[in-house]
Amino acid sequence: GNSVTQMEGPVTLSEEAFLTINCTYTATGYPSLFWYVQYPGEGLQLLLKATKADDKGSNKGFEATYRKETTSFHLEKGSVQVSDSAVYFCALSDLSDNYGQNFVFGPGTRLSVLP
Amino acid sequence: DVKVTQSSRYLVKRTGEKVFLECVQDMDHENMFWYRQDPGLGLRLIYFSYDVKMKEKGDIPEGYSVSREKKERFSLILESASTNQTSMYLCASSLSGLAGVGKYFGPGTRLTVT
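Sequence lines, in order, name chains A and B.
Using this note's numbering, the first residue of the first sequence is number 1, and each one after it goes up by one.
Using this note's numbering, the first residue of the second sequence is number 1001, and each one after it goes up by one.
Calculated directly from the structure, the hints in this document are not laboratory data.
Warning: the hint list may mix true and false statements.
[Claimed, not checked] Which bits of chain A does chain B cover? Going by a derived footprint, with three or more residues having C-beta under 8 Å, they are:
1) 2-9
2) 34-43
[Claimed, not checked] The calculated lysine to any residue pairs, modelled on SDA-like cross-linking and capped at a C-alpha distance of 25 Å, are:
3) B:Lys1057 x A:Lys68
4) A:Lys56 x B:Ser1096
5) B:Lys1057 x A:Lys56
6) B:Lys1071 x A:Asn102
7) B:Lys1057 x A:Gln101
8) B:Lys1070 x A:Lys52
9) A:Lys60 x B:Pro1107
10) B:Lys1003 x A:Lys68
11) B:Lys1013 x A:Gly41
12) A:Lys60 x B:Lys1055
13) B:Lys1057 x B:Thr1015
14) A:Lys60 x B:Lys1003
15) B:Lys1055 x B:Ser1080
16) A:Lys68 x A:Asp54
17) A:Lys52 x B:Val1019
18) B:Lys1057 x A:Asp54
19) B:Lys1003 x A:Gln45
20) B:Lys1003 x B:Val1024
21) B:Lys1057 x A:Asp94
22) A:Lys56 x A:Asn22
Glycine is no exception: its CB is placed at the ideal position from the N, C-alpha and C atoms.
Please take these sequences and the hints and turn them into a complete structure.
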């Protein structure tokens, strides 16, 4: 079945540091890939997505590129802020997922940004 | 913007009580979902619905039921709450047939059963 693996957290960075959160996936088809962010006490928000190989999703300074050859979708940001402190989830969905019932989430990576 | 709202942010109930969690979405999405989120266990799908009055079990349906009488509203019911149902409950919605669209989540309800 499909699966998503994320780097272990927590990740602690100083403000303005470069961020990378690794995500790799296993899928039988050609999945769409997503990053979600969860701020403390909140639900998940869709941060960015990519639907085919070499697509780059971007939002709020975050970027991730769909790499089919390495089955990866790493999240990056050039300069993090304290307000980026949250838990980040990588996720995938494929075309067999008619209703979204097989949406697969990674375990989440907690990011703490210190001033 | 898609809006998914949940009836309560925080809820405290006693063991054995019947608990209703309500979710409403305003974007005419066909699919709606209930997840629970627990530390170390991630997000687990309880139930989903792909149309009015249609429901399907997810990975952990035991102890829960759902109701979808209107397209925009999806309710999660704990028939007899137990302490192991203390958790964060997240509702989500999505369009059908478009794997690339993604899901939209509500703010969550943190339920404590004492």
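Fill in: Contradicted hints - numbers only
The structure breaks hints 1, 3, 5, 8, 10, 12, 17 and 18; every other hint is satisfied.
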